[in-house]
Each structure stands twice: as C-alpha cells, then as structure tokens.
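Make the complex out of the two chains shown on their own, each in a separate frame, by following the hints.
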Amino acid sequence: MSWHVDERVWEAYVGGRLDQALELSVDSHVARCAECRAAARGYAPAATADATWAAVRATITTPTLPAPLRLLRRLGMRGDDLVVVSAADSLLVPWAVAVGFAVACACVVGFAGLDPENQDAAFLAMAPLVPVLAVVASYATLDPLREVAAPTPYSKLRLALLRATASLAVALPATAAIGLAVPGVGDLAFVSLAPSLGLTLGALVLLTWWEAPVAGALISSLWVSAVVVVRANGTVDALTAPMVQVAFAATGVVLAAALVLRTSTLRLQGGDL
Amino acid sequence: MSATAALVGVSKKYGRATAVHPTTLELWPGVVGLLGPNGAGKTTMLRLLSTALPPSTGRVMVAGFDATESHASRIEARRRLGYCPQEVTFPRGMTAFGFLDYVAVLKEWKDADARHAEVRRVLDLVHLSERTVMKVSRLSGGQRRRLAIAQALIGAPDLLILDEPTTGLDPEQRASLRSLLSGLAGTVLISTHQTEDVSALCDRVLVIDAGAIRFDGTVPELLATAAGRVHLGPTATAGAVQTWKTGTGLVRSIGGQAAPDSSAVDPSVEDAYLLLRSGQRITQGVI
Numbered sequence: 055m056s057w058h059v060d061e062r063v064w065e066a067y068v069g070g071r072l073d074q075a076l077e078l079s080v081d082s083h084v085a086r087c088a089e090c091r092a093a094a095r096g097y098a099p100a101a102t103a104d105a106t107w108a109a110v111r112a113t114i115t116t117p118t119l120p121a122p123l124r125l126l127r128r129l130g131m132r133g134d135d136l137v138v139v140s141a142a143d144s145l146l147v148p149w150a151v152a153v154g155f156a157v158a159c160a161c162v163v164g165f166a167g168l169d170p171e172n173q174d175a176a177f178l179a180m181a182p183l184v185p186v187l188a189v190v191a192s193y194a195t196l197d198p199l200r201e202v203a204a205p206t207p208y209s210k211l212r213l214a215l216l217r218a219t220a221s222l223a224v225a226l227p228a229t230a231a232i233g234l235a236v237p238g239v240g241d242l243a244f245v246s247l248a249p250s251l252g253l254t255l256g257a258l259v260l261l262t263w264w265e266a267p268v269a270g271a272l273i274s275s276l277w278v279s280a281v282v283v284v285r286a287n288g289t290v291d292a293l294t295a296p297m298v299q300v301a302f303a304a305t306g307v308v309l310a311a312a313l314v315l316r317t318s319t320l321r322l323q324g325g326d327l
Numbered sequence: 013m014s015a016t017a018a019l020v021g022v023s024k025k026y027g028r029a030t031a032v033h034p035t036t037l038e039l040w041p042g043v044v045g046l047l048g049p050n051g052a053g054k055t056t057m058l059r060l061l062s063t064a065l066p067p068s069t070g071r072v073m074v075a076g077f078d079a080t081e082s083h084a085s086r087i088e089a090r091r092r093l094g095y096c097p098q099e100v101t102f103p104r105g106m107t108a109f110g111f112l113d114y115v116a117v118l119k120e121w122k123d124a125d126a127r128h129a130e131v132r133r134v135l136d137l138v139h140l141s142e143r144t145v146m147k148v149s150r151l152s153g154g155q156r157r158r159l160a161i162a163q164a165l166i167g168a169p170d171l172l173i174l175d176e177p178t179t180g181l182d183p184e185q186r187a188s189l190r191s192l193l194s195g196l197a198g199t200v201l202i203s204t205h206q207t208e209d210v211s212a213l214c215d216r217v218l219v220i221d222a223g224a225i226r227f228d229g230t231v232p233e234l235l236a237t238a239a240g241r242v243h244l245g246p247t248a249t250a251g252a253v254q255t256w257k258t259g260t261g262l263v264r265s266i267g268g269q270a271a272p273d274s275s276a277v278d279p280s281v282e283d284a285y286l287l288l289r290s291g292q293r294i295t296q297g298v299i
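So the sequences go chain by chain: A and B. First residue of the first sequence? That's 55 in my numbering, and the numbers climb one at a time after it. First residue of the second sequence? That's 13 in my numbering, and the numbers climb one at a time after it.
If we strip away everything but chain B, and leave its shape as in the complex, we get (with noise of 0.2 Å):
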C-alpha cells in the first residue's frame, strides 16, 4: 500500500525568508492533527500539500500523482483532494447551493443532475440541508465554516485538508464534525489549535515550528514525552514552563523541578505540546 500523500523534500521560500523548511513527510489513511503556534508553518504547508502553492524545492505527491512533475499530474493530484482553506470569502449572493454548485463545478461535475445530488450529500454531512436555499451572507459563522469544510468534501476526497476546521464552531458542532471526520475513509490532515481536538480525533500528531517539524507521532507518544513533568501541588513548580492555578486552589505546573509538596498528574495533549515548545528535555518522537 501507497502513502495517500507525501512531502518529499519540499521546501517554500519567500524572497529570502523561508516558511517551510525541507521536509519529508508521508500521509496514511487516518485523522492526522498539525499543531503549531501561529506562524509557524502550518497553513503554508497545507498549501504546498493541497497544490494551491509550488513549493520553492522538492515534490508534491497525492494518490501517487507528482502534483509538480506536469500539469497534467497535477490536474489528476487534485482530483483527488479536498481543501478548506482557514477562511473562506464568500460572495454574499450566493446560496449555501449555489456555492457548493459552483465548487463541484470546479471539481469537474459537469452532469447536473449528479451535481445537485452530491451537492445535497454533503449538505447533509454537514447538516445544512435546512439551509440549502439560503444566502451565505444570512447563515451563522458556524453554519459558514460548516459550508466552507462542505466544499472541500464534494467527491469524498482521498485526501481531505482542513485548516482550523473547528475555528467559529460551538462544543455540539465541534463534536458533530469529530463524527463526521472520524468516519471518513481516506486521509484527513487538520491544523488546529485545540488540542482536545487531537486528542479526541487523531491517529498521529505533527508538531511544527519555525517552519520545520518538530514531532511525528501518536498521540500516545506524544504524551508520554510528558509524562512524570506536570505536576499539581499548592505551589508552582521551579523552571516551570507554565503554571497556573485551578479550580481547586492547587496549582499544575509544566516542567520544571517538582517540589516534595506536589504529585506528578497525568499530562494533556496541550501539556506535551507546550513541553515540546519550550524545548524541554524530550526526546522520543522528537524529530
């Protein structure tokens, strides 16, 4: 079996200022979470993966198409993905079909009447089909960014790129889209910066920083480079890279020396991330 998509040495520059440095990287069926502060990277590789932007160095592959070989690869690359971009401009006089029409359009649906069909489909999995008529310029900003990740999944895509897909949505909708992402059956590749969402939804995690990848794994390994390193105690611990102090007066701390006082907690998603971030001694999965 093939890698759905791969980064082979790609790399993106800006003039002299580099966005992505060269990476390789290769995507399998599943839900795969990038997490990154912001400007680190992420949507800048989701681009390059998605096509939408040449890469600067090294080779796009999709479905085993090299989307920078010819422009004939790539037209059968894309045809085999779905992107939402982090924001979407909608024109306001369009209805949520319209838009949708226009996308499948564009992804090549040219027999009507199976257009409007998948169109409905997908309206369906994002559960706007009480909206279909309806402008974009009326729907919430959830409804919005529901319709923005409905586009991106018209022709169940291979391979389905999110950015910040659950940015506007409230808890309820949040988990409806887990459901729906979880289902899928091909590669699923989602930024975000909520880490519950990577807990909750993905088989693998990437790290990226300062335009590299920092960490590759499951998110299993990617607690584990945490754990015995967040403690909770009445005070903070010494070099801690966060502190805070919750709800039940004790206070969790992140890193550091743990004092004799405090006991070291089970570590969340955001507790590895943020050790990650702060470069403290970590070094399984660290790439």
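For reference, chain A alone in the conformation it holds in the complex (with noise of 0.2 Å):
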C-alpha cells in the first residue's frame, strides 16, 4: 500500500464530513489493507457499533411474512393477530383435514356411480362439513402449543377464532373446488357455503360445551341425518331453495350471537374462553 489513511481523514469519515468521492476512496482502500481495518476499530464509537450490530440483528432475526399474510397486513389486520394466524404450521393438521376430507367427498360424489338425485344428495351432505372439520381440527384441545397457550392472558376465544378464521381460509376454497371439479354440481358448490356457515357456527358453540371430538360428531351427525330425512321424502332441492339458504345464513346470525353468549356466561362462571 503507498499510502493509510490519517487521522484526520478518520475523524472526518467518522464524522460523515466527508465527501461522496473520498468516502468511496477510504472505504475501497479499507477493504484491501489490514492496517487501516486495524485503526478504523479505534476509531468507531463502541455505542456505534453496538447499535449498529443490534440493527443487524433485527433486521436477520425479525421473521418476514408470507406473501399472503404481508396483503391482510395492508388490508388493516393488526400485526400481532397476523402472528398468531402466522403460526400456521400448527395448522397443518386442520388443513389437512379439511382437503382430505374435500378430496374424500370428491372421489365418492364422482366416481361411486350415484344417481344424480343421490349424488346431489351425497354432495350435500358432505361438502358443508368440510369447514366444519377444519374448524374442529384447529380447536384448542387439538392445538399442539395449548399447554403454553393456556396460562397466558390471551383470549382464548380470540386464539380459536384466529385459528378458525384460518383453517378457513383453506376450507372454504377447497368446498369450492370440489364442487366445481366434480361433474353435475356445480351450482350446489355456492349452495353449500350458507350451511356451511351455520354448521361451523353451530360447532363453535358445541365447542363451548364439549370436547373437540365430541362437538364435530355430533353436529356432522345431526346435518348427514337431516340431509338423509330430506332424501327419504323426496329431492335435496328443497335445502337448495332461497328462502331455506336465507334461512341457513339467519341460523348462523343466531348461532353467532349464541356463541357470544355463552362465553361471556362461561367468563363469569369461572371458563377459560
């Protein structure tokens, strides 16, 4: 090297009085020479480095959001509800629920050899359950940090509603796809959706009373049951009717209030929701 760089250039640089030209300069020569990387620790503030150093840390350790998760960040969702829905590997297991059980009833409407009338029925009686089970599967007895969630001050209602929310987000499309992959019903896809609303709604408040198990047997029982009783007395076009989807969204405004309901009775009565 011909030449170091002095004193005074270090104060200067330290300084940021510098020019753009010469500062380029200093730090191109500091890359290259060891005794000038040697006296620039001298010359950088320990505080300087330290909090440069932190900065670094932040910006390696600070986790980045999936793309879809950055979108409901613009569209208003608040940051620490994007990182509970961002704990989406514990929602593996609903997920898979969900399309599992979507590609299930997919392979019997389609390929069991069911008479129209029957496969709608078959549809029917299937496909609104699908977001019921996702639900149920990313209840907090089924959530693998429950134990470390429990003694924390966070809403649990909140927390199962989170995870809901997010078990549907996948659930629904998925009702969707195999109502529009499977030949001859489609229309029934979109049909299924308002109870599909009142089902989940419907095991949110089993959910308040029983075990997570317990809550999607009973509720996919009573709904196979009264696809089956509409069957036996003619066509499920009946459930397809205007007035009875109206009727399906309605029940789902009640179920919601009477989950409201409930856990605020649980609240006073000593619950954990």
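To be clear, the hints were calculated from the coordinates, so they are not data collected in a lab. All residues carry an ideal CB built from backbone N, CA and C; glycine is no exception. Treat the hints with care, since some could be wrong.
Calculated pairs, DSSO-like style, for lysine-lysine (alpha carbon to alpha carbon, straight line, at most 27 Å) [to be verified]: (1) A:Lys210 / B:Lys122; (2) B:Lys147 / B:Lys122; (3) B:Lys257 / A:Lys210.
For each label pair, taking beta carbons as the anchor points, the in silico distance ranges come out as [said to hold, decoys possible]: (4) A:Thr319 / B:Lys25: 20 to 26 Å; (5) A:Leu125 / B:Ser194: 34 to 40 Å; (6) A:Ala92 / B:Glu142: 54 to 60 Å; (7) B:Tyr26 / A:Pro207: 22 to 28 Å; (8) A:Pro227 / B:Glu142: 38 to 44 Å; (9) A:Trp263 / B:Ser68: 40 to 46 Å; (10) A:Met131 / B:Ser191: 40 to 46 Å; (11) A:Pro267 / B:Ser68: 38 to 44 Å; (12) B:Lys25 / A:Ser318: 26 to 32 Å; (13) B:Ser194 / A:Asp81: 46 to 52 Å; (14) B:Ser191 / A:Thr219: 39 to 45 Å; (15) B:Ala212 / A:Ser82: 52 to 58 Å; (16) A:Ala105 / B:Glu99: 49 to 55 Å.
Here are a few chain A residues that face chain B, going by a calculated C-beta distance under 10 Å [claimed, not checked]: (17) Ser82; (18) Ala112; (19) Gly130; (20) Asp134; (21) Val202; (22) Thr206; (23) Pro207.
This is the structure:
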C-alpha cells in the first residue's frame, strides 16, 4: 500500500464530513488494507458499533411474513393477530383434514356411480362439513401449543376464532373446488356455503360444552341425518331453495349471537374463553 | 409484604381419583424446589398454580389476584406468571424466534418492536441468540428445552413455574440455568427429579407424595432430617432403605440400624428424600 488513512481523514469519516468520492475511496482502501482496518477499530465508537450490530441482528432475526399475510396486513389486520395466524405450522392438521375430506367427498360424489339425485344428496351431506371438520381440528384441544397458550392472558376465544378463520381460508376454497371439479354439482358448491356457515358456528357453540371430537361428531351426525331425511322425502332441491338459504344464513347469525352469549356466561362462571 | 403466590385449600380430582389433596401453601421470592416421585402430583400442582388447570376446590392466588374468582382476576394473575410445561410440542416449521414471538403475542406484547426486543432478550438469557432463525426441528433436545424455558421468561414474570426444567440439559447447561434462575428477582418454582438441583439452587424444598405435601422447609432442614441416618461401612446396615457399594469399596446405607464397624456420614438431599419417602423416623419439617 502506498498510502494509509490518516487521523484527520478518519475523524472526518467517522463524523460523516467527507465528500462522497473520498468516502468511497476510504471504503475501498480499508477493504484491501489490513493496517487501516485495524486502525478503523480505534475510531469506531463502541456505542455506534453496538447500535449497528443491534440493527443488523434485528433485521436478520425479525421474521418476514408470507405474501398472503402481508396482503392481510395491508388490508388492516393487526400485527399481533398476523403472528397468531402465521403460526401456520400448528394449523397443518386442520388444513390436512379440510383438503383430505374435500378429496374424499369428491371421490364419493364423483366416482361412486350414484344417480344424479343421490349424487346431489351426497354432495350436500358432505361438502358443508369440510369447514366444520377444519375448525374442529383447529380448536384448542388439538393445538400442539395449547399447554403453552393455556396460562397466558390472551383471549382463548380470539385464539380459537383466528385459528378457525385461518382454517376456513383453506377449507372454504376446498369446498368450492370440489363442487367445481365434480361434474354435475357445480351450482351446489355455492349453495353449500350457507349451511357451512351455520354448521361451523354451531360447532363453535358446541365446543363450549364438549371436547372437539365430540362436538364435531355431533354436528356432523345432525347434518347428515337431516339431509338423509330430506332425501327420503324427495329430492334435496328443497335445501337449495332461496328461502332455505336465507334460513341457513339467519341461523348462522343466531348461532354467532349464541356463541358470544355462551362465552360471556362461561367467563362469568370462571371458564377459560 | 404479601406472598407472590398461594394455594388456599386447593384440591384436584379427576372423577373419583384425587390428584392433589386439599393443600394450603404460600410462595415467597426465591427458588422453591418441588420434589416427588412420578405420579405424586407435581405436574398437577404446577398446572394448578399456573392457572392452566382449574382446581376442584379452593383458591389459587398469584400476585394478590384470585385466579379462581373471575375471568378478569384470572387474566391479571396470568399477566404475572410464566409457565414452562414438562413437554412442549413445537410446530416443526417454526423458527426459535417465531415460536417466542408467538408466545409473546399470547402474553399481550402488541407493539412489534418492543416484542421483538423482548424475544431477543430471552434468547440471550438462555444462550440461544446464535440459533434465532433456525427451525425448531433442527435444534438439539437441550436447545429445545432452553427455548421452552425462554418462553416462560418473557415479560420477567413475578412467578416463574418450571416443570422439570433441567431434563435433557448437559451439566454445563444445567449450571448455566442455575445461574440464570438464581439471579431472577421473583419467585421461581421448579419441579425436579435432580436432587443436586435442589441442593445447589433452592432456598426452600417441598416434597410431595400421593398428592399431598409431606415436607416443607429449607435445604438444611431437609438434610437435618437425615442426620446420623446415613452410614458408610464394609457391610450394609440392617433395615436400610437403600444401600449401594461405592467406588471406595465401602457400602453406603440410608437408614436402618448402623453396624458397629460403620460410621455416620453427612447426608445428601437425595438421602434425606429417600428416607422421607420410606417413612422412617423423621419429624422435623414433616407435614
């Protein structure tokens, strides 16, 4: 090296007073000169170095949200709620349940050789249960981190609803997809969404009394029995009538209110929601 | 000064089986060790204190808040405690930072910058700052254990409850954990099978058996219960609770009638614990 950074230049560099060309020259020189690299350590204030390291560490360690969650953040979802939803690995089971049951449903409806009326009945019996099973599988009792979450002050109802919402984000498209994929039941895919809403909220209400598997089995049995009874008395077209769809939606609203009432009562009684 | 935490007539039943008999207990700042055999009710008692499990009867108090009184009171209690379960099932795809970030959210750290700083603080405390972005599934058993402990440390709680915290840690990591726990300002309650941890760390020892506290006192008080009851000699003493041949060729006998050619030695916490479990002549400190 024919030259080294002198004290005056170091002081100007550290103080940010060098012009851009000279600063780049110093940067380039220090990268190649061991003597000046050693000298640089004497001019870098410890506090600045610590702050720089802290900033680097913060940048490296802070998790970046997946693209769908960044979209939700732009849409106004709270950052702490996004962290809960982004713990998606603990939702793999409900997602697998949703997709697996949706595929099973498609196979039964599409390839079991049913006549059109029974095909519709089978679809309406099974498809609305996809989100129900996803929500039940996402519920606290099946959360791998439930033991860690239990003694925290975070609202367990909020946690359950966030997990349920994240599960539904997969389950509802799965439900729609099987309707569109299986020939002959396309319209029913959309018709099944209203009962899905009611059944899912019904399951959430039942979950305040019973364990997740019991609640899921009960609500599923009730729905399948209802479809079987309707089919035994004719076609399942009755379930697709506009008034019946409105009734399903209204039931959903009533069940949502029942869920709020029930959780409030449980809190007063010392429950954990 | 009031107790950090208390059980007041607390019991827990599962159907007809009683896991914890009615127990009244106060915890003050310092490290408290809970010793007991498998199935004695240690984990149930810790879960009761952590509010993860509601009691069948009685009241659970944390920092002056009655966790059994109302939902609001229970939330206040939970804001002041940290709990590390015996086993934590980590989602495999989570990073160490992501896991702690999630738990910090559950502990109501809403501001992202403050939350992330707290996560980094507890990662430093358990010496995992070099593993921050590593997937939990790639951490060793000891590192996962330390990560589980780190989540309990978030927010520097008044009451820290650790169920078997030293399981899976090597001697160096155990010593490091002891150093960390002994430097905390609040109340630390640990359950353990490691009697060395108790003698090295705890100001107070609770021995639980069959769902009831059998001993409550300091380590010296526990050791005093076994004074003159542990012998070293060429043969085992008659009626000893446990005997084994040591590396010197002499036989160490816990309890029983001392043989003429044996001599009494200083008991360890393990000796006192074994004697206590056997029910042989001990009265001091025994409940």
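Check: Hint by hint, which ones does the structure fall short of?
Finding: 3, 5, 6, 9, 11, 16, 17, 19
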